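Novice: Heads up: the sequence lines are chains F and Y, in that order. If you're matching positions, the first sequence starts at 1 in the numbering used here and goes up one per residue. If you're matching positions, the second sequence starts at 1 in the numbering used here and goes up one per residue.
Take these hints with a grain of salt, some might be off.
[Unchecked claim] Here are some chain F residues pointing at chain Y (derived, C-beta under 10 Å):
{"#": "1", "residue": "Lys12"}
{"#": "2", "residue": "Gly15"}
{"#": "3", "residue": "Pro105"}
{"#": "4", "residue": "Tyr106"}
{"#": "5", "residue": "Ser109"}
{"#": "6", "residue": "Arg110"}
{"#": "7", "residue": "Arg111"}
{"#": "8", "residue": "Thr114"}
Calculated from the structure, these hints are not laboratory results. Quick caveat: nothing in here was measured; it's all calculated off a predicted structure. Where is the CB? At the ideal position from N, CA and C, for every residue including glycine.
Chain residues, written in single-letter form:
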Amino acid sequence: MNLKVWEGNRRKNLGDLFDIKVESEGVKDEIELHIIGDLRKVRMIGAEMTGGAIIIHGDVGMHLGEGMTGGSIIVQGDVDSWAGCMMKGGKIEIHGSVGDYLAAPYRGSRRGMTGGSIIVHGDVGNEAGCYMRGGTIKIHGDAGEFAGIHMQGGEILIMGNSHGRPGASMVKGKIAICGHVSSVLPTFTIEDLREKVKICGERIEGQFYLFEGDHAEGGSGRLYISRDRNPQLRSYERYL
Amino acid sequence: MPLLIRNGCVYDPLNGIDGEVMDIIVDGGKIVEEAHGGETKVIDASGMLVMPGGIDIHAHIAGSEVNAGRLLRPEDHAVDFEAKTRVTRSGVGRSIPSTFTTGYRYARMGYTMLCNPSMPPLEARHTHEELDDTPIVDKATYPLLGDWWFTLEYLSRDEIEECAAHVAWMISATKGYAIKIVNPGGIEAWGYGRNVKDLDDPVPNFNVTPREIIRGLCRINILLDLPHTIHVHTNRLGQPGNYATTIETMDCVRDLAEKDEPIIHITHCQFSAFKGDDWTTLRSGAEEISKYVNRSRHVTLDMGQVVFTDTTTMTADGPWQYTLYELSGNKWINHDVETETGSGIVPFRYRRKSYVHAVMWSIGLELALLIDDPWRIYLTTDHPNGAPFTTYPRIISWLMSAEAREKTLKRINSKAACRSLLPSIDREYTFSEIAIITRAGQAGALGLKWKGHLGVGADADIAIYNIDPKRIDPSKDYMEVRRAFMNAAYTIKSGEIVAVNGRIVKSSMGRTIWVDAEKSPRIDAELHRRAHEDLKRKFREYWTVEFENYMIQEDYLHSSMRMTPGGDKRSNTQ
């Protein structure tokens, strides 16, 4: 009730901004928190959380679940940029779409997501999984440009299309794209044609090109791209 | 308002006061025998430690290099920020705090005077603008003169007096304080992707060697009678086996010492005390260096201690920064400053479990503990190269307690811990020695006779720490020591209380101290005229800036304090 929060540059009590209803007393780390309302300008919900669950009914602002180490967040709406940034553990499930820099570190930093999992049922913006080191991201919709940029580990599965330049500057880790990608960066080389991909704990059937890169960074990241959806990449097959 | 500091346990090594309980009276920004008129504010310092205000002889706090570092590291700001208060302004930055925050944080630790050690002369205006925005503390800055084309040119012809006239002009024009030499010859060579191998490796395109540069500038420093000695960042800094070069550097000016006074300052010596052939065989060269220093009178050093933390390295030594970039793979900045110097910036994390970093940590402390005379080694981290200055209290606790060192030794890389000399050293610094390496000694090295002590007539820059030296045993209660030095109970700057228990209560403006070297009696009018003519001509040919626009007018500084070289420096007391 008297928890201090910032509104603009003023300190307020949480109770001044929200109606708070406690249904039952619970053990710490097993608390379930429901947040209802227009939260598009509310930032840092679930930052540094260690356990329990947050269920959000509506859209949410930036920095959702920043640096969280455990517990889960479920959002029944859209989320702004920097969701799950620098996440270390736990789970975020978003039923809508997400802005840019999903799971990315702050500007200048190289410490991206190291663990946990993120599931997005809609689309994501640019630079999802920037400097990712561990954990998994599953995107059911489309991904913007530079998905998995600077990736150093972990896995990203994109069920929809990629808007370009997936895996730029990646050195390690795995990205799979089931939809359309207009082109692959020239610093990637084709290695193989696979019949299936195992990623994010799933097994996805269908033919996939396996690319390795980014050689501009001396990297050995793996980029899987669906063969069926990308006939424009057929020319790579002569190098196999 | 006059101040009376009552019953403090005073450590004032320059006046031979070692833990005496006494009163100190302050009036008109000075320490006085008795106050004249007015109501006196009394600070009860019983059970507290009273020292002169701290002095940092080497901390990169302002200028283009520091600011480029700030631009390079937004992530350094995100982790550390301070909101504004009624008195202070807001600020960000852990390893490279913004200017205002730098001033506040130093003041909280009881520091009242800082020296910004590497100013490319061309960037002097920027540096002074930032120094003017660094509140509370007094400031001085050293222009980089070791790789300036004119220095190289005149020294290659061994024209010391001509060169001295140029150097004097440059110090006066940039409102500098001392001659800073960084990797002499090496920065110029870096312009061609090279470095100098040792003291006798000639600089490309200039028929001069690093040895001649150091000796030449040392002679010029003596000739001009500047308050500080030459301030040298050695050749081969950061390369295994460089301790020999460092000893050679100190030795190459030995014969120039006329009096029993230091004539060369080797800065952040830890980075220049590596033994071994490569990174895997790296050892500490602290023993050899301290042996040399213990039997010579002409050298002073500062530590350049490393603390295990995330920081930003920045120096004018381009080739060394390139090596760091290659080692770390981090983002970096490389820069060349016209005819004058260069620079590089690389973010860096010192890790406990890294063999090399752990050895470096050990070397810094070994140097401080093996050099017998605390008057000739000063506490620095080469902020932010070894660690941010906010780690000073930790370093003090290591110096004062073998137990604290032992505890850290257990947590570092085991191979480095085995090879460290620290377990064999029992020495523990006393409070008096701490006062020397953090204030009194530095004031002496800088030739600031009205600072670093609490005698009558000295500047009323005083730090009061909430720790009772009579009650506490620093070798056991080192955490207590660390806590006390982190936040001074009172910091008094120019007779005003500026910080209380780590809270800034008044944000005053310090002065910028500079040396008007051109007024040296050793430069006659004719020499003066010739140097000016030569400079004007060369400005047309070489620089992107006009001669007239290059110089910084005295009234450009927020609060200028001019010193003239030579003579009794105490007479400069304002």
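Novice: For every hint, state whether the structure bears it out.
Specialist: A quick look at each hint next to the structure:
1. Of the supplied interface hints, the one on Lys12/F is violated, with its beta-carbon coming no nearer than about 15 Å to a beta-carbon of chain Y, more than 10 Å.
2. About 23 Å separates the beta-carbon of Gly15/F from the nearest beta-carbon of chain Y, more than 10 Å, and the hint is not met.
3. Interface hint status for Pro105/F: upheld, as the beta-carbon distance to the closest one in chain Y is roughly 7 Å, under 10 Å.
4. At a threshold of 10 Å, the smallest CB-CB gap from Tyr106/F to chain Y is about 5 Å, leaving the interface hint in force.
5. Look at Ser109/F: its Cβ gets to within about 4 Å of chain Y, closer than 10 Å, so that hint holds up.
6. The beta carbon of Arg110/F is positioned within 10 Å of a beta carbon in chain Y (closest approach about 8 Å), and the interface hint is therefore held.
7. The interface hint given for Arg111/F holds, since its Cβ lies 8 Å from the closest Cβ of chain Y, which is under the 10 Å cut-off.
8. Because the closest C-beta pair between Thr114/F and chain Y is about 15 Å apart, greater than 10 Å, the hint is violated.
Consistency with the previously given hints fails for numbers 1, 2 and 8, ordered from lowest to highest.
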